[in-house]
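**Q** Just so you know, the sequences run in chain order G and F. Heads up: the first sequence at position 84 corresponds to 84 in my numbering, and the numbers run straight through without jumps. Heads up: the second sequence at position 149 corresponds to 149 in my numbering, and the numbers run straight through without jumps.
Derived by calculation from the structure, the hints in this document are not laboratory data. Small disclaimer: the values here were computed from a predicted structure and weren't measured. For each residue, glycine too, the CB sits at the ideal point set by N, CA and C. A couple of the hints might just be wrong.
Sample of chain F residues with no beta-carbon within 12 Å of chain G, all distances over it, derived [unchecked claim]:
1. GLU4
2. PRO99
3. GLY197
Examples of chain G residues toward chain F, derived with CB under 7 Å [as the list claims (entries may be wrong)]:
4. GLN52
5. ARG160
6. LYS161
7. HIS255
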Amino acid sequence: MSFPLAASSIHVTLGEVAAALALVAIAAIASRSWHAGLEEDIGIAVVRSFIQLTAIGYVITVIFDEDSALLVLALISVMVVFGAFTARHRAQGVPGAFWPLLISLGVAAAATLGLVVGLGIFDATPRYMVPVGGMVVGNSMTAAAVALNRLGEDVHDQSRKIEATLALGATSSQAVTPLVRRSLRSGMITLVDSTKTTGLIFFPGTMVGMLLAGADPTDAVRLQLILLYVLLGAVSIAALIAITLARRNFFTPAHQLRDPPVP
Amino acid sequence: MLFELEDVTYSRAGTVVLNRVDVRIPVGASSVVGPSGSGKSTLLRLLNRLADPDSGRVVYEGTDVRERDPLALRREVSLVPQLPALIDGTVHDNVAYGPRLAGHSFDARSCLELAGLDPAFEDRDAAKLSVGEQQRVMLARALALEPRVLLLDEPTSALDRAARDAVETTLRRLRARTAISLVLVTHDIDQARRLAGYVVRIDAGRVTGQGPAAEMLDEAVPAIAAAEDAS
Numbered sequence: 001m002s003f004p005l006a007a008s009s010i011h012v013t014l015g016e017v018a019a020a021l022a023l024v025a026i027a028a029i030a031s032r033s034w035h036a037g038l039e040e041d042i043g044i045a046v047v048r049s050f051i052q053l054t055a056i057g058y059v060i061t062v063i064f065d066e067d068s069a070l071l072v073l074a075l076i077s078v079m080v081v082f083g084a085f086t087a088r089h090r091a092q093g094v095p096g097a098f099w100p101l102l103i104s105l106g107v108a109a110a111a112t113l114g115l116v117v118g119l120g121i122f123d124a125t126p127r128y129m130v131p132v133g134g135m136v137v138g139n140s141m142t143a144a145a146v147a148l149n150r151l152g153e154d155v156h157d158q159s160r161k162i163e164a165t166l167a168l169g170a171t172s173s174q175a176v177t178p179l180v181r182r183s184l185r186s187g188m189i190t191l192v193d194s195t196k197t198t199g200l201i202f203f204p205g206t207m208v209g210m211l212l213a214g215a216d217p218t219d220a221v222r223l224q225l226i227l228l229y230v231l232l233g234a235v236s237i238a239a240l241i242a243i244t245l246a247r248r249n250f251f252t253p254a255h256q257l258r259d260p261p262v263p
Numbered sequence: 001m002l003f004e005l006e007d008v009t010y011s012r013a014g015t016v017v018l019n020r021v022d023v024r025i026p027v028g029a030s031s032v033v034g035p036s037g038s039g040k041s042t043l044l045r046l047l048n049r050l051a052d053p054d055s056g057r058v059v060y061e062g063t064d065v066r067e068r069d070p071l072a073l074r075r076e077v078s079l080v081p082q083l084p085a086l087i088d089g090t091v092h093d094n095v096a097y098g099p100r101l102a103g104h105s106f107d108a109r110s111c112l113e114l115a116g117l118d119p120a121f122e123d124r125d126a127a128k129l130s131v132g133e134q135q136r137v138m139l140a141r142a143l144a145l146e147p148r149v150l151l152l153d154e155p156t157s158a159l160d161r162a163a164r165d166a167v168e169t170t171l172r173r174l175r176a177r178t179a180i181s182l183v184l185v186t187h188d189i190d191q192a193r194r195l196a197g198y199v200v201r202i203d204a205g206r207v208t209g210q211g212p213a214a215e216m217l218d219e220a221v222p223a224i225a226a227a228e229d230a231s
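With the sequences and hints as input, model every part of the structure.
**A** Shown next as structure tokens:
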């Protein structure tokens, strides 16, 4: 099925976009007056978001016009690779984190997009696959990065306990099992909590976007629910696969910590 | 020989910790003695493959340890680390951990008793015990694996004198009641004298002597003990 979109979408001028920067200017002034040191980061965020979103806007326009499944696949693949690179920087305490991240994001994207198309929720057209794929990869990347970052910190902090467990004949997987549980929870808890409070404390982006574009509220809510459920599944898959694949990188094949505690 | 280290070198983060050492450790109670940072704890970790040397061989009962299954080796040659590192849960949970992994039966109360701890401690929260009690739970959970060799890394360094004496009594009783061999790492020459029949002396990653305790510890080499007592 495909959701009815508003026949007349709103038109936004560059001047209106520029006017929205007024609030950003206030934030920058506040940062400066409080010596928070965020002005430069705010400036970089504004410039990067403008360039990146404008560029992806042109790319999406081309993909929509071409209506090519191969182009959609290529775009999502690029997102997965960039997502894995970005998440790797956040998970620096995890040796060889890139491949677990790449595989986890790829599987999460393929599984969720395959499911929504297979169940007939969305048509396999660029108009649906590109935005849903982007959301899935983005949220999965954050979850996997948070989970791996937590795992890396915990393995480092608890290396004495892990090695003491290995000394009792535990495998490397058994030695990190308690840490894996905590890391998985860390990766998922943000999305789980925001899903719990959605509609009460905040309106999620897709719903807001559809309402602003003139869609029927019932359709906006249902589409948002589908996306929330898809994201919950994708985030779980990504965090689970990333942790499962990355945890063995802390150990040698002989179940030794690669970075043992200092005696 | 129980263990033989043949021309073993081990480095960590670019620093040579053990430099071409040759060590022989017989069956019985042995001690590796040296100052802090001399490489003695690292040597202990090589004996049950918690680490592998960069070069050289570690031989246990005639076989290179790399030819053995590391998990089976660690159950047979069990290491008790310097500081207590218990899993969350009760004393029983800790004592049961190793045997359950190996699928062995065990008697938690007799392990606790052998480690010098009242069996009534079995249901207590391990995190709420004193450091001395936790150290004996570490010993009990290693004993629950029924190892043939016990590797002890400075087992009394975190304890006061009374707790230290209790652990030493426990180890002597253990030797008297079982056929278990002990390899004790310590910076305390007097403790080595009290517990070990064979001594390996190590300093700055090199072996400076090894032989029967009576010969090795009667030498006029008080510098190590004096330096440690002062620190």
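**Q** Indicate, hint by hint, whether the structure satisfies it.
**A** Outcome of the hint check:
1. GLU4: The claim stands: GLU4(F) keeps its Cβ more than 12 Å from every Cβ of chain G (closest is about 20 Å).
2. PRO99: Label violated. Min Cβ-Cβ 9 Å, cutoff 12 Å.
3. GLY197: Non-interface label on GLY197(F) holds, nearest chain G Cβ at 24 Å vs cutoff 12 Å.
4. GLN52: 39 Å, violated
5. ARG160: This interface hint holds because 5 Å falls under the 7 Å limit.
6. LYS161: 4 Å, holds
7. HIS255: Status holds, d = 5 Å.
In summary, the structure is inconsistent with hints 2 and 4 from the numbered list given earlier, while agreeing with the others.
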